[in-house]
Structure formats: structure tokens, C-alpha cells
Amino acid sequence: MTTLESEWVKSRWIKSRWVKSEWIKLVSVRSTWWCLGTAAVLVPVFAVLTALATDAVEAAAQPKAGLAADDAFDPLRPLSGVLLAQFAFGVLGVLTITSEHSTGQIRTSLLAVPYRRRLLVAKLAVLLAVVAAVASLLTFGTFFLSQAVYPDGLGIALGDGGAWKALLGMIAYTVFIAAFGFAVGAALRGTGAAITVFMAVTFVVMSAVPAVLPNSAGDTASHYTFLGLADSLTTLQPDPQPGMPVAALLLAAYAVVALAPALLLTERRDA
Amino acid sequence: MIKVTGLVKRYGKAVAVDGLTFCVRPGRVTGFLGPNGAGKSTTMRIILGLDRATEGRALIDGRPLRELDRPLSRVGALLDASAVHGGRTARAHLRAVAAAGGIGDDRVDACLELAGLAAVAGRRIRGFSLGMRQRLGIATALLGDPDVLLFDEPVNGLDAEGILWVRTLMRGLAAEGRTVFVSSHLMAEMANTADHLVVIGRGRLLADAPIGELTGAASLEDAYLELTGKAVEFHTREVRP
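Protein sequences appear in the order of chains A and B. Positions 29 to 299 (this note's numbering) are the ones given, in order, by the first sequence. Positions 580 to 820 (this note's numbering) are the ones given, in order, by the second sequence.
So that you can see chain A by itself, here it is in the shape it has in the complex:
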């Protein structure tokens, strides 16, 4: 335990030169641009398509009424693309670490920075900063884009009804999913295995568990899956279940639990 503790004390320090190195690594491979580019196309295109569809539907249903007056319409629906694009950010998280292991690059990296836990944390920090920046641009950009392309705007301003909080929630969830992908990748190391497990957990296990539980338990469980928590973070409803802060904490807890195996084992494994 003492070695673990002393290691932890030493490992609090992440040197800026490692961050610079990880930044160069992240932006110098094409897969990063593929992942971010996919999201950058998907999110605004989805918003525009939603706008067109809504326009047509609304026109058919109630030609005279304004959009804002329609209670059934969720003004943030055009931003659903942010949650749809989660797979791209998750895969980016996976690839950021598995590409090092599958290519052997990790051995070169570890010669320069032999402190494995600190190297992992530096890598994760750079990844999350980039994901947060891109997700912010996409989320806020698409919000304003939607306001522009909708016939009557979204019927909501950034300051209305906690809209800005919902947008921050989308960004936070995107950062979470990238961290989760990274955690799975760091634990499994192989790209194929990690992407499969990431997808299986995020898209299959998380919907299967609530489905197989008995009614009320399944209902409750569905609020605590990744997407259930994402709903709480990104909704305009006043009282989501669970509440926003709780949902954020739970997602953070999911991330920490997922990261734990890699962080605990990395010093002991052969590179």
C-alpha cells in the first residue's frame, strides 16, 4: 500500500511537455479528424433536417399556429444530433489509447515518460479538453444555427428555461462518453475488443438491463443508464429524475469506475 501511496503522491504532477506531446499525437493522426469530422457533419445536418421535417409537419398539422405555441415541440429537438454523435466521441476516446498499444507506439511513449499512470492521465486530459472544445462549438453553434433556420426560430433563447444548462449538459455528456471510451480502451488495449465492448455497453447493455428488469425496477433503472442520465442533464423539464447535479455526479462516478482498472493495473502490466 505504501508503494501505491508514494506513487500516487508523485503522480499528481503532469508536466506541460507531456501535454504538448499528447496534443501533437492527437492531432497528427487521421482517425482523430475522422471522428471529430463525423460529429461535426452529423450534428448540424441533423438539426437542419429536423428543421425541415418539423416545418413540413407543422405546416400540415396547423398551418397558422406558431411553433413556440406548440407544447408538443421540444425546442432542443434539433440538438439531438449531439447525443447521436456520441459514438464518434467514444470511438475517439477508445482509439486515443488503443492505437498506441496496437501499433507498439506505447513502448516509444513510455521510454520518454516512464510514469505510466501520469502518462495515461496526461493523455486523457488532452483528449477531454479537445472533446470539450469541439462539443462546445458544435452544441452552441448548432443552437444558433437552429434558431436561424427554423421558420420562427426555436421559440427559445439561450437564457430561457435553463436552455444554456441543457446545452452544457450535452457537452458534459459528450466529455463523459469520450472518457468512458478511453477507459475501456486503456483497460483492454486492443482496438477491436475495446470498440466492441464500448459499443456493447453504451448501446446494448444500457438498454437491455432496464428491459429485462420487472416493470417498476426497469423503469427506475432506465433513468440511471448513460442515456437516462443524459436525459436528465439535457432536458428542459423542470424536475428531471434524477436531478441535474445528481445525474452529473453519477456520470462522473461511472467514468471513475471505468477508469479504475486501467489506472490500477497499468504499472504492473508489460507494455
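Hints in this document: simulated from the structure, not taken from any laboratory. If you're wondering where the values come from, they're calculated on a predicted model, not measured in any experiment. Ideal Cβ placement from N, Cα and C applies to all residues, glycine included. Accuracy of the hints is not assured; some may be wrong.
Selected chain B positions facing chain A (in silico; Cβ < 10 Å) [what the hints assert, rightly or not]:
{"#": "1", "residue": "Leu629"}
{"#": "2", "residue": "Val654"}
{"#": "3", "residue": "His664"}
{"#": "4", "residue": "Gly665"}
{"#": "5", "residue": "Arg674"}
{"#": "6", "residue": "Gly716"}
{"#": "7", "residue": "Ala720"}
Fit chain B to the known structure of chain A by using the hints.
Same frame as chain A, now just chain B:
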């Protein structure tokens, strides 16, 4: 100086390194010789802190690698030419490694030049031949201008000119007083490069001596085959008609 003491590495029941003890001194080229599967690469990875020893220690200048301040400036290594991400350009790869060691881009360009890769610096490594990858690996090892250098089979895939270049480079590095440790399974290559040999087979030390002592009357190749004859992991069976 590299000091290996009582080193053991087991993978389950298989023993890759079986009680190795030797010392690699500065100012000369030390060849690390042994048949395929003798444990050379494993030993080098343990010295570099990449694999964990089951028993024993491997120290560089009296310390494990991870306790060295700025390890890149103390130790350089070419492990295998595939220890790179093929999607990066040669320059991006070197810049990323250099940045982690606090080394500037001018040194990156100098190493590209030195390894004869300046013309292909902007190309993705995926398209490199094995020889070009070896050159890139050597450029990476030299980035921090380190005193201790490890090369695992550096001439694999190199053409005649490349082999001569590596040989001259290693002799030069040793002449500058650096510790140079080079593995190979080819005795003939070592005969032209090394001053001192560490020979292992099946993870055990077979010889640790100046190259002159190992040759004696017989040729170096014969001496090597005699030494390792009983310790070869994979024998070829003679096929008779």
C-alpha cells in the same frame, strides 16, 4: 552503464530470462548475441522498464529507468521498428516524442537529417520500408542525445549502405564515451561492430568477454555456434534425401 543482476522473467511456466547477470560499460560497443528466442528482447525491455522482471534488477547508471530525471536525455532505444503509429508522418512522430522529453524541433530536424530521412519527413510512416523504419527508430533513439543507447537488431531490413551507416554510427557513439548495447542474432555482424560480447541462450549467460577472447583460433562464427549449440530454442532438423 547498464547493470543487470540476477534477472529472471517468467511468462506463466515459460522462462524467458533465467538468472542473467552482466554489465554493459561505456566507451565501447557491447554486442548482445543469442539465437532467436534466447531472451535478448525481453532483457532489453526489462532494462527499459517496459516489462517487469519476475526477479532481479536492471539499472541504468545505478537507477531504474523511471527514477531518472528526463529519461529521454539519458537513455535512447530502438526496440523494434514497429514501435510507431503508422498514421503519423516521420516528423510528427519525432516531434511528439521530442516534446515529451522537452526537446526542441531543431533537434528533430537534425535527427531526421542524421538518419537520412529529411526528404521523407512529411510522409506517413505506414508507407516506409523496414529499412526506413529502422532509420526512424534510430533517429528516435538519438533525439535526447543520450549517454546510454540500446539497439535491438538495428540492421534488420537495412541495405548494405544502411548497415555500414549503423556500424559507423555505433562505433562513433562508443568512441564519444557512450554506452552502446546492440543485440543481434548474427555473429558476423557483431564481428565487425562490437568490442565486447554478451552471449546468451535460453535466457542464460553463455559468455561475457572481449570479442578477441571469444574467437581464439577458430572463426567467430564457429565459436558462437559452439557456445549456443546446446542452447538454441528452435533447431532446424537436417533433411536427408
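Do the hints match the structure? See the list:
Among the interface hints, the one on B/Leu629 holds; its C-beta lies about 4 Å from the nearest C-beta in chain A, closer than the 10 Å criterion. Checking B/Val654 against chain A by beta carbon gives a least distance of about 7 Å; that is within 10 Å, so the hint holds. Restraint check, B/His664 versus chain A: the minimum CB separation of about 4 Å is within 10 Å; hint holds. Proximity of B/Gly665 to chain A holds as hinted, the smallest CB-CB distance being about 6 Å (cut-off 10 Å).
Interface hint at B/Arg674: satisfied, since its Cβ lies 5 Å from the closest Cβ of chain A, which is below the 10 Å cut-off. Annotation: B/Gly716 was flagged as interfacial toward chain A, and the flag holds, the nearest CB pair being 8 Å apart, inside 10 Å. A least Cβ separation of about 9 Å between B/Ala720 and chain A falls short of the 10 Å threshold, and the interface hint therefore holds.
When the structure is compared with the earlier hints, no violation turns up for any of them.
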